[in-house]
Amino acid sequence: MNRRQFLGSLIATLGASTLTPSSLGAALAAFPRGAFAPAAQLTGRDPVIHAVARLTYGVTPDLYRHVNLIGVDAFIDEQLAPENIDDSAVAAPLEALAPILDENGGILFRQLENRRGEVAVALLGNVATRAINSRRQLYERMVQFWGDHFSVYVGKGPVLFLKVDDDRDVIRPKALARFRELLGASARSPAMLVYLDNAQNERSAPNENYSRELLELHTLGVGGGYTEDDVKEVARAFTGWSVSGRGQDSDGRIQFTFRRMFHDNDEKIVLATTIPADGGEQDGDIVLDILAAHPSTARFLATKLARRFVADQPSDSVVEQVAAAFTASNGDPRAALRALFQSEEFWNAPPKLKQPFEYAISLFRALNYRVDRPNPLVRFLRDPLDALGNIPFTWPAPNGFPDVAGAWQDGLLMRWNLALAAAGGDIEGTTADTAGLLALWNEHDVPFATEPVIDFMGGYLFGRALTDQERAITLDFATADTPDSAAQIRSALALMLASPAFQYR
Amino acid sequence: MTILKTRPLSRRQFLRGSVAMSAAIAAQAALPRWMPRLAFAPDQQAARGDVLVSIFLRGGADTLNMIVPHGEDAYYAARPRLAIPRPDDSSSPLTAIDLDGFFGLHPAMASLQPIFQNGGIMAVHNTGSPHDTRSHFEAMDFMERGTPDDYSLPSGWIGRHLATLNSQNDSPLRAIGWGASMQASLRGSISPVVLQSIIDYHLAGDPAAAARMMESLGSLYALETDSLAASAEATRAAVDLLAQVGYQSYRPSNDAAYPDSEFGMALRQTAALIRADVGLEAACIDHGGWDTHVNQGGVEGQQARLMSDLAAGLAAFHADLGDAMTGVTVVVMSEFGRRVQENGGRGTDHGHGGAMLLMNGELNPTPVTARWVGLQPDVLDRGEDLPITIDYRDVLTEILATRLGNTSAAQVFPNHTASSVGLFRA
Chain A
918 MNRRQFLGSL
928 IATLGASTLT
938 PSSLGAALAA
948 FPRGAFAPAA
958 QLTGRDPVIH
968 AVARLTYGVT
978 PDLYRHVNLI
988 GVDAFIDEQL
998 APENIDDSAV
1008 AAPLEALAPI
1018 LDENGGILFR
1028 QLENRRGEVA
1038 VALLGNVATR
1048 AINSRRQLYE
1058 RMVQFWGDHF
1068 SVYVGKGPVL
1078 FLKVDDDRDV
1088 IRPKALARFR
1098 ELLGASARSP
1108 AMLVYLDNAQ
1118 NERSAPNENY
1128 SRELLELHTL
1138 GVGGGYTEDD
1148 VKEVARAFTG
1158 WSVSGRGQDS
1168 DGRIQFTFRR
1178 MFHDNDEKIV
1188 LATTIPADGG
1198 EQDGDIVLDI
1208 LAAHPSTARF
1218 LATKLARRFV
1228 ADQPSDSVVE
1238 QVAAAFTASN
1248 GDPRAALRAL
1258 FQSEEFWNAP
1268 PKLKQPFEYA
1278 ISLFRALNYR
1288 VDRPNPLVRF
1298 LRDPLDALGN
1308 IPFTWPAPNG
1318 FPDVAGAWQD
1328 GLLMRWNLAL
1338 AAAGGDIEGT
1348 TADTAGLLAL
1358 WNEHDVPFAT
1368 EPVIDFMGGY
1378 LFGRALTDQE
1388 RAITLDFATA
1398 DTPDSAAQIR
1408 SALALMLASP
1418 AFQYR
Chain B
3 MTILKTRPLS
13 RRQFLRGSVA
23 MSAAIAAQAA
33 LPRWMPRLAF
43 APDQQAARGD
53 VLVSIFLRGG
63 ADTLNMIVPH
73 GEDAYYAARP
83 RLAIPRPDDS
93 SSPLTAIDLD
103 GFFGLHPAMA
113 SLQPIFQNGG
123 IMAVHNTGSP
133 HDTRSHFEAM
143 DFMERGTPDD
153 YSLPSGWIGR
163 HLATLNSQND
173 SPLRAIGWGA
183 SMQASLRGSI
193 SPVVLQSIID
203 YHLAGDPAAA
213 ARMMESLGSL
223 YALETDSLAA
233 SAEATRAAVD
243 LLAQVGYQSY
253 RPSNDAAYPD
263 SEFGMALRQT
273 AALIRADVGL
283 EAACIDHGGW
293 DTHVNQGGVE
303 GQQARLMSDL
313 AAGLAAFHAD
323 LGDAMTGVTV
333 VVMSEFGRRV
343 QENGGRGTDH
353 GHGGAMLLMN
363 GELNPTPVTA
373 RWVGLQPDVL
383 DRGEDLPITI
393 DYRDVLTEIL
403 ATRLGNTSAA
413 QVFPNHTASS
423 VGLFRA
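Which chain is which? The protein sequence lines are A and B, in order.
Residues 918 to 1422 in my numbering are what the first sequence spells out, letter by letter.
Residues 3 to 428 in my numbering are what the second sequence spells out, letter by letter.
Source of the hints: derived by calculation from the structure; they are not laboratory data.
Just so we're clear, the structure is a prediction, and the values are computed from it rather than from any experiment.
Backbone N, C-alpha and C define an ideal beta-carbon position, used for all residues, glycine too.
Please note that the accuracy of each hint is not assured.
To be verified - Covered stretches of chain B, going by a simulated chain A footprint (3 or more residues, C-beta under 8 Å):
1) 157–168
2) 183–194
3) 232–242
4) 276–290
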């Protein structure tokens, strides 16, 4: 940790900038309300920060300015249409990863089988860079959501290499597509076929692994109304759904293939629907049609969305609203999200503990970091995230990372160390653009002194004023060692980022 | 094993180093200020029960290939490609190692054979959680809660055990979950510490500044009312205590050689904490990768490698602790066993009953305890899986009452009437 560098840039920028009165004060006073903004908000939290914290990986100076200007309604609309958001700035740092991320997983498997680390770095670098740099934040959060929902574990055999295809060709293109499209793409994704063993599911030797998780984790959910017989029948329907690229004559590309000779072509009965004999590959698609349209699926997905965006234990009411919107729109995730963001529950949501990856990214964003080179960033992030058990795609079980506080509240020491490192400002591969933070303070007439900065940053980081006790503890810590404002501000930021309030989103 | 895992260099270096234990550290270890209050009075030390080490094999371990029923023809009929050959099968260089004339040990676990012979370890077969789910998550969840088919209690069985036990122990290291996140069995009111490495467990930077920041964080987290506050307090106390253990200078006794795996390192650190007498009462360790649907292997292969690591770790722990094993109970379990019939992919699918392992200095000298009913379809669960004739809660209840000094088993396992299994010497 090199604190001199961060402080140096803070002081230099301060000297160069002119403190002009804010034009934003007026805009703030006329905070617009509309379709999304709450009729009644009981949490006492700034709706701008609430919306930003829930839809994105965390506030940045630019985002704070932007949402305060256009209002939360326009912001949510904007985020629901990521195709209209210019995100060209995210491309440059990702170029370094393109040789791996643009390749077919089978080719990678052949070329890099003994250099798995390079592929692992590319996967984490891609996710972390986009989470920090991208302006399509809600889209990135939905990519995360579906990556967890259709979780594959990169520690199993070639899944690491195939996850490259799964992320690029399945999850990202379909993250806001109708659920049936995503479900179908996942069912044919080599990563999923290999991870849950359907590639080996054959008439003479059915393998139920994918079938069971498809019902339990991808669609209906536990208690969603299926039986052990349904598990067996669904497994039969998916016999022969496999991957190519293993034969001697292949070019090494691994892709979905239907192996007709291994398919069980007899009649199946799935959830009381008869699938006639001789359906071939279509048997699986019929099963997916049945599952995607099932009311249990709508309810299960609505529960998971509400858990991700609202609360660990979402109310029946919000789940019903979201499930209804999902069903009425024929499985459109944008419609489901719209219903979610219009609900009272969303605006009155209780604090939601950040998962460790989310917390790490939110530290970078709050301090206005941008990623220039993903590989060194990954070297920095990998060990702490590993210790916290939250490197993307490394959850061994197919249910994805748990999305409740109970699973994540025990890694505080590592979180505190991450906050210290981020406040230290010297992380290779990144630039901490302190000028942007200083500009924001200037716009809000915040003089470069410890107390006003602490007060402003309470609103910026937590969406509320600090309590008297928080303020006293922070001030005491910041001022104990040094009379220097820059050093005090840096200490205060480290403590505020490590504090309980910033562990929540 | 996660492929992304890179163990911090510092820990490896420390482990290889041979730093002599300084007099100051030795003195601290001999009389730590965190000693349970009662333990200062020697005649009452017996009031403290064993240290419980709970090892969970994640994924549903195929214990039929671990504790092999080599006296059962149906086992060989069901597993033409996966069965572990009979001990007297001269056609195979590697066979099951006979334990009692009927059951045998997988050859990858040969390091445990002498301990089986001396009565230091026992397998319990035909056991498990009675809930009929074949889902990993439900099965693990119910097993760790200790309340099959009942979600009404949010706590885990070890959490309830420690909450109901009046051990007069306020050590911040009363319970430890090794790994990245807390095991569900530890959930409850006791704020376990979750960690991977003793050496790395401190706040970064200049020690004086770190201490001040820790103090301020303590004040901030104390303002919270939720469980994050308890977690922060436990973290602070554990940081202080672990700094005094002197793990850098820990060297296992009796030439115990722990495997250089996450599992081995968790056991090694557990042994060090038991030796340092920091007030540890329960530790949870996970061992992953047992979901062997495809290419499980037989005497060698995927599952054999897992069993080799498991056995090497247990054998090292046993050797390291030596006579202290009379005060330590190790229990190994998995969420379910696997189907008796092998599948078409040279693997096995999710099943029901399985086996547990127990390690302690006071076990009855019986290598395998089982109410074996055979493997004929008419006795199998759903006609295909090993049935459960000993509820795993019966095993745990006996450990609680006999070894851990907990007489409140009814609160740990509500709605369960335990029957005696006879695991320990009277």
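How does the coverage statement for the region 276–290 of chain B fare against chain A, requiring three or more residues with Cβ below 8 Å from a Cβ of that chain?
violated (count 1)
State whether the coverage of the region 183–194 of chain B by chain A holds or is violated, taking the criterion as 3 or more residues with Cβ-Cβ distances under 8 Å.
Since three or more residues must qualify, the claim that chain A covers the region 183–194 of chain B holds, with 4 doing so at under 8 Å.
Check whether three or more residues of the region 157–168 of chain B sit with their beta carbon closer than 8 Å to a beta carbon of chain A.
Not satisfied, violated; 0 residues make the cut.
Stated coverage of the region 232–242 of chain B by chain A [criterion: 3+ residues, CB within 8 Å]
n = 4 at 8 Å, threshold three: holds.
When held up to the earlier numbered hints, the structure conflicts with 1, 4 and fits the remainder.
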